[in-house]
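Engineer: What follows is each chain in one-letter form.
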Amino acid sequence: MTGTELLIWIRGPALQIATVIFLLGVVVRIFEILVLGRKPDLAEPRGSAAAGGLRTIVTRMFADRGTLQRSTFTVVAGYIFHIGIFITLFFFAPHILLFHETLGVNWPSLPTQVIDATAVVTIIALLAVLVYRLANRVIRYLSRFQDYLVWLVTFLPILTGYLAFHRIGLAPQHLIATHIASVELLMVVFPFTKLMHAFTLFIARYYNGAIAGYKGVNS
Amino acid sequence: MTASLERGLNAFREQIDAPVASFFSSCVHCGMCAEACLFYTETGDPSYTPIHKLEPLRRVWQQEYTFWGRLAKAVGLSKPVTDEELAQWETLVYDSCTLCGRCSMVCPVGNDIAYMLRRMREGMAASGHAPEGLVGATRRAVTIGSPMGVKLPALQAQIGHTEKDIGMTIPVDVVGADYMLLLSSMEIMNFPEFIGAIARIFSKAGVSWTISSEAFEATNSGIQIGVSEIAAELVQRVVDAAEKLKVKNVISPECGHAYMAIRWEGPNLIGKPYNFKVVHILELLDDLRKQGRLKISGKETQRLTYHDPCQIARRGGVVDQPRHLLNMVAENFVEMPETGTMNWCCGAGGGVSSNERADGLRLSAFKRKKKQLDVVRPDALVSACSNCRIQLEDGLEENNMDMPVLSLTETIAEHLADD
Amino acid sequence: MSKDQTIGEALRARGISRRGFMKFCAATASMMALPPSMVPMIAEALEKARRPSVIWLSFQECTGCTESLTRSHSPTVEGLIFDTISLDYHHTLQAASGAAAEAAREAAMQENEGNYILVVDGSIPTKNPGYSTIAGISNVDMLQETAAGAAAIVAVGTCAAFGGIPHASPNPTGAVSVSELVTDKPIINVSGCPPIPVVITGVLAQYLTFGVIPDLDELGRPRAFYGQSIHDRCYRRPFYDKGLFAETFDDEGAKKGWCLYKLGCKGPTTYNACATTKWNEGTSFPIESGHPCLGCSEPDFWDGGGFYKAISTPTEDITRTAVYAIGAGAAAGVALGAYNRSKKHRMEKQHQKVGIDDLEKGD
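Chains as they are written, first to last, in this note's numbering: chain A, 1 to 219; chain B, 1001 to 1419; chain C, 2001 to 2363.
Treat the hints as calculated values from the structure; they're not laboratory data.
Accuracy of the hints is not assured; some may be wrong.
Stated by the list, open to error - Straight-line C-alpha distance at most 25 Å; calculated DMTMM-like pairs for lysine to aspartate or glutamate:
no., chain 1, residue 1, chain 2, residue 2
1, C, K2343, B, D1402
2, C, K2127, A, D64
3, C, K2361, B, D1418
4, C, K2344, B, D1017
5, C, K2361, B, D1083
6, C, K2278, C, D2317
7, B, K1299, B, D1418
With the sequences and hints as input, model every part of the structure.
Structural biologist: Encoded structure:
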């Protein structure tokens, strides 16, 4: 298969399959959670559950001082790679074009040097996170095969994106095809793993805040 | 009917709801909950990681309530939850967790781990894997009316002593009183001065109150062991007494889990709202303060700090009231470095203090509180839960720290102005 | 002109001064990024070179490559090089026709066996050899026959190098490139649709000078001309990096000469000399004229998903698929969720009350 043929297949049928698995999987999982429902609370409320829920969705982004001091690496490195992924994914012009084409939305891009530097920082942060997962007693104890798989499918798109941008290693069509393929791999793995947290954390934080807000506590 | 694995698993299945499903879906194994749990921080044992304590429940969720999990189970690719596993998890679920909920405040994806652990106990108990001490306490609570075995005569004796001390009558079984007071066995047996303090404060503030001879126990062992029907039965006794005495409010005393049980879980356990309101004693005292009905003379001058009982503050919502009250009676009140809803557990709630097997772990956990105290260096420690008080006293003694542990209510009573 | 004249003799016969000839050699050296010290060597080589025989076969082509080549055939020095090779067979340029033309080809092949250069443009149909024939001989046969005695083959144009337009989906003629049929001769792919004139002549000059096949990339193209991408040499690159793009062909951005990536430019994945050497003797190239690069020197550029679709976009309608997937997910989710809920209800209904006697296991 020539580079162009591979790229056409990756941008065409492969993307269709990945999109179906990803969206169908995510939606099914969300419904599986929500339809289980929750019994109504018969105790007299002190505060608003809904307000608490919405509040916690936002405030849980920020760690309190003590937690920041005790879990510094997890919080800081976690922020770096999440923000890094966010910037490289949503502010690189070719990516914005993709969203424009599929969703009809458009927004300004950042200069490629910024994206490039961000990608490097993100790659370093992800490598650090992997090392920490192996070195930290608690995290290593909790980790299963899935944790390492998820790390890999998250790491590959940024690494291959960087290589494709810099044209390192293979012909450009092959590099771009590999990059898009790595994203498709991420999409396919997504609904079966903890990557679902990207969607379900809104639900979890809401319930957390709602349960606490009902009692008048800001969680 | 006896306990069995199947009953336990069925209980797990019943207890899994949308919040539980969303929590398990979101966990990313970041380990931050461990750093928030005093049982981990003071022992360094990773098995005390809060989310890890829920592993059997998680597997039931995965295998029963997710499509792929069910598929994996059908083709034999999943690990079933066994009785041995639940036996192994008993110490994690009961000895190393007080349901303090600090983990729930810290989880970045928003998991309420304490919420899940409370539900997991339903399955643990139904499968026969609750600790002996707690089973005993629960039996006594149901058959005798108190987990410590305190019967009405014992209460009456304490009431008698109190009446002599303070020169007032304690109103018992007064129909139509505004407030019905509950008392925890711990208070009755170990801190009976509490009753006197209440009587004096209510008398000065003009509060109409009573104690029910039929239902005076505040502690709810059912909540701690995790058996909803037993918890409901204990709540129903209070409800029946309150309705019989036609009171408008029920007061939850200085006891953490009692408040959680009667205020928040109660109506859901019995399946209908109450005909009365439930207030924590601190809420009532703060209302009296706001209404100017508490006349205080003289303030505490020693350096005081406040330990927030988890079920009252973080899990209960009574956070500001003790501070208003302390500022009213104390000149030198300082907060702990992490305070309010982020304060650290004493280490003994949620049934841990009824569980002799957990004694060593409980005292290790106290070291977290000690570290806070080492920073604040108070002359005395104030709290509003008798179970916390016993644990704090135990812990301070174990660590050769000479520091009195005071009840907030009793401290207020000491500073009541004479007319 | 006589076949036995050397290039030097031929040039002098045409009145080209020594100075003019040296200027050409200097230009050739600089175009191939060779140091000035090589110029005398080029001059000497060309001076002494016997005009080699070149046979040009045209198969399924549009004649655009010849058009491009002859655009440099004007009173310029590049054009003169064609007096320095003996172009023994070329459909468009030859005077002879019919049997005489074929006879000339066969004679050249015989006389120069093993030494002539075979230039091919156009793809070769394989589904049915009858799709393209010359004098009754199929392209496949003529190629095999002529390639057998060639010293080297230059596949000019994307059709000959990679299959080009005829190879585009659905490829009804079964068109293939030269390298897919000839595997035992050195082949230089000079791709482009068409290739830049001086690239064609530059490759020939390089071969004439050094007598060896130049350094080729993994697609068989000379790195001297195909070693860099349009993207890396494009004068509009700063706009790409800053994030300034033309969104339509006549908006402000287009008028200001901003990057054409969003209009489908294939510059990043296209390797050619357009951005540096340019066309029409350095006048301009597509991007400079405001049109995105088509990627015409790359294989399958016709099937690249659309000239006006950027490389990062899907080639099929993903939006529709996404909507269906979400819909199907919702339906499946409701069904599965309902199943979960009913199971939970069943458990609740079957709940056996736990009393104080049920807290321990029986014997």
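Engineer: Of the numbered hints stated earlier in the document, which are not met by this structure?
Structural biologist: 1, 2, 3, 6
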